[in-house]
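Residue numbers (the numbering used here), protein chains in the order written: chain A, 1 to 282; chain B, 283 to 572.
Misleading hints may appear alongside valid ones.
Said to hold, decoys possible - Below, a list of computed lysine-lysine pairs in the BS3-like style, where the Cα atoms sit at most 30 Å apart:
#1 Lys252(A) x Lys565(B)
#2 Lys356(B) x Lys252(A)
#3 Lys565(B) x Lys268(A)
#4 Lys268(A) x Lys252(A)
#5 Lys565(B) x Lys356(B)
Derived by calculation from the structure, the hints in this document are not laboratory data.
The residues making up each chain are set out below.
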Amino acid sequence: MWHRGWWLAAVLAATLAATSVRAADDKYPRWQGQWVAIVTAGLEGRQFKFDPTRSRGLAQQAPLTAEYQKVLSQSMAEQANGGLGNYPTARCLPGGMPRMMATQRQEYVITPETTYILLGGEDPLRRIYTDGRDWPADLEPAYQGYTIGAWREPDAQGRYTVLVAETRGFKGPRAYDSSGLPLAFDNQSVFRERFHLDRDNPDVLHDEITVIDHALTRPWSVDKTFRRSPNPRPRWNETSCVEGNNQVVIGKENYFLSADGDLMPTRKDQPPPDLKYFKPAR
Amino acid sequence: MREGSAIAAGLALCALASVAMTASPVRAADDKYPDWRGAWGRFVVRGLGGQPSFDQTKPWGLGQQAPLTAEYQKILEDSIADQAKGGQGNFVEHAQCLPAGMPFMMVATRPLEFVVTPDTTYILVGGSDHYRRIFTDGREWPKEIEPSYSGYSIGHWIDADGSGRFTVLEAETRGPFKGRRAYDASGLPLHYDNESVFKEHLHQDKRDSNILHDEITVFDHALTRPWSVDKKYLRRSEAHPDWVEAYCTEGTAMVFIGKVGYWVSADGNLMPIRKDQPPPDLKYFKQAPR
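Let's have the full structure, built from the sequences with the hints guiding it.
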């Protein structure tokens, strides 16, 4: 009888353990696949927009302070004149947060300790730490910042459905989009994000981002959405900003590279670079 | 009574087991796969000097004693000669911040991270070489592969010791590759036809689980025979490794106009990188250079 009791207990334990393993596997959401940024069709500007439902630049209607509204206006004026404005990504410097979250194709790799967001181009990767760590005492400044997250189970069904994340600790300058729409040059932005699948469509992922930044008069929130590719084995094209980039920056001036590999002006009457360090031609 | 006590004890065990498993989610399911978490730094043989090399046990460049064909041996020698004069030789593309690709990306200039999932093993590299995906979902080779610096990798897991756990990841990486690619900063070349094939055997050291081996064999038309090396990585002890952001385009003092490199001086002007280097052609400018 004693043995039968242990046997029963063992069967119970095995059943519970097996259930636990499955439950553990099922604890995290299924975000596998390729997520393609949803951008409202017909808007002016390229795909990299913070609010994907509005055109880039002024049309974003960012709640900028007067000082940073001027930075944006000057950036756009400079770009109209052939310059790069306040857009360092044109030099293939990283866009960082939040521009990187407009990357067209994304992959989410979830492990208990870290959620990895694989992007590409000049911003290849984010790590969102979900291992319960505290903020490091010394944060190394980074364009993408340092991100700590936590999984939430808002509907108490035994599964995580929401990843909340906070990102701090930046390098700059950074811009939301190619117009040069600026973040504050003090690089003290904080981003709060809430990632979750759409309630009605598990093939749509939301990244609700709120930016807290000294260039803004109030926190700025947008809901970025991504659609899951139906291809179970999607193409992941390698992307390199440098490849095919025809901008050459020398000091504070930018030039174009011609098809024959020579420097060209980017604006009317732009002076050529100073060649004082070269020996005069004989 | 004894039966009741046993059941009660068993239930208590059950509860403990359940709590333990809930507290360490996925770990039980993950037991099939090896624990390669953490930051894996490059194994350095002291005293070799020079830049990181493909065969970690030998110095870079000529010291690698790569089984190159005569044609590609000359490319290496020309590259080294050009670099001695200030040029970039056959490493010019990576010097321009283009990806280095396979196999240089496995040199671990910065520590690598391996993220193992049943369908894909990700090798996170950083810098100009972002990451590799080794697909382990049983797929066939695609009919058309997009050319890339990192190539397209298919792998499979092997339970080499019959322990019920996977211990070895075998992978094959094919192109078409982009390039020119080099094994190291000397410009030690891979063939310009970009038809290299890499076969890898990744596994932890039998005696020390904090050593990871990547036994790589290169098949390449610049070689007279396949070239095999055993690259090793050491797992760092930090619980929370510092994954420093690193970008080739940030802080570089080099600028390329076409294929020709120049320095940018502290005052923001072009400078030659080699003696008697001519200035760039400014034919598209109206004003004469100062």
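Evaluated hints:
A distance of roughly 21 Å separates the Cα atoms of Lys252(A) and Lys565(B); the hinted pair therefore holds under the 30 Å criterion. Note on Lys356(B) and Lys252(A): the hinted pairing is violated, with a Cα-Cα distance of about 40 Å set against a maximum of 30 Å. Note on Lys565(B) and Lys268(A): the hinted pairing holds, with a Cα-Cα distance of about 15 Å set against a maximum of 30 Å. For the hint pairing Lys268(A) with Lys252(A), the CA-to-CA distance comes to about 17 Å; that is within 30 Å, so the pair holds.
With a CA separation close to 35 Å, the supplied pair Lys565(B) and Lys356(B) exceeds the 30 Å bound.
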